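Top line first, the protein sequences correspond to chains A and B. Residues 66 to 352, numbered by this note's numbering, are exactly what the first sequence covers, in order. Residues 2 to 128, numbered by this note's numbering, are exactly what the second sequence covers, in order.
Just so you know, these hints were derived from the structure itself, not from any lab. Remember, predicted model here, so these are calculated numbers, not experimental data. Glycine included, every Cβ here is placed at the ideal spot set by N, Cα and C. Incorrect hints may appear among the rest.
If you want a taste of the chain B side facing chain A, the calculated C-beta under 8 Å gives, among others [to be verified]: (1) A46; (2) S50; (3) K98.
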Amino acid sequence: MSESRKRFFRAVLLLSLLFISCMAFAQDGYFVTYSHQMEEPGNLEMGLKSVTASPKGGNAFLANALEFEYGVKAWWTSELYLDSQSTSGESSVFTGFRWENRFRPLLREHWINPVLYFEFENINSADKSLLEVVGHDTREEFLERHDRHEKKREAELKLILSSNFKGWNLSENVIAEKNLVGEPWEFGYALGVSRPLALVAGAKPCVLCRENLSAGAEMYGGLGERYSFGLRDTSHYLAPVVQWRIPGGTTFKFSPGFGLNDNSQRFLFRFGVAYEIDQIASRLRGN
Amino acid sequence: MHGWRHTLLSLCIAMPAIAISIETGHGRWLLKVPEAARVRPNPMAKDSSAVAVGAKLFQQNCASCHGKQAEGNAKHPDLHSDRIRNATPGELEWLLKNGSLKNGMPSWSRLPEPQRWQLVSFLKSLD
């Protein structure tokens, strides 16, 4: 790739970051784990989830997932991700898209609330967005994935189980992913727990106050594949998460992630910013 | 002519039935509230700031659909209504927690329970 094209892609990535930073509302307090929280019907959330790491023996990278989440119904949320990454000394590339849909089959709150998740992703081997860890994904993949030759057309299913109790959210995700060209099913998991720092709100509008902050942690990793199910040769991460919601619709999230075994990347840093546009269809119609 | 009369008669019967079903559809959630939730008192009822806090939470979470003055619009109900006035605090908190997903009202279970009660205080203060 020529130097001018590299500069162009870097500029596009930087402008994307700035654009999203100036707008900015994510509802889940996690990066990888999903709760049963759905997008409000008619609302569009635009966000950016980024992860950066410096793998041993490889070059530092920054991977971005640009997110468009729409509440189709109160029980149905649809989401499109556009993935890209930039690796130091290598290239900045668009790595594909993901389209996901989440459905709440039970229409009331229960102790455990299930959500069914279906995703189709068309990405390539350069993708490093790490929106989930499945199968035998290890840190080696960060070293190998600097080209776009291998296409991955994958279907991903998740069973999301989530509970809210006394301000705490506890979420468990079971993940099954299959490359549609015939590779076996791969499995993974994600667990999350989070809580707002204050349960009772104050009367005065505030920006940096406890009611706008929540803290938690998530743990995620692979569970092997159909013919080698289990923890052998899998990677796992533990990541504290802090979320800051600013009145007006902006949300920032930060999460340092720590690899839990030798197969895992030792350290990851995630950050995200999002903005929700309320009732976008009504706004476009002008009422 | 005979067929025309049948059509007219069917319409006369069907239209009120549809209107009644739509009307009851909006308030049908009330029938689903368990008795234990219906009679729950608002723990924030004696908190003098609860209405003001609820008003703030309403602007942050609800006004985009129900309007800044809770006046509603074509798709979302006006909250200055007999239904809200006559509902018990427990019924309103149950609705906020569970939503009415079929009718487009999302669940607000992600709001901590004390904040849902603060919202109920505000809703009960509406004229």
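Status of the hints after comparison with the structure:
| no. | hint | verdict |
| --- | --- | --- |
| 1 | A46 | violated (14 Å) |
| 2 | S50 | holds (5 Å) |
| 3 | K98 | holds (6 Å) |
Checked against the numbered hints listed earlier, the structure breaks hint 1 alone; every other hint is satisfied.
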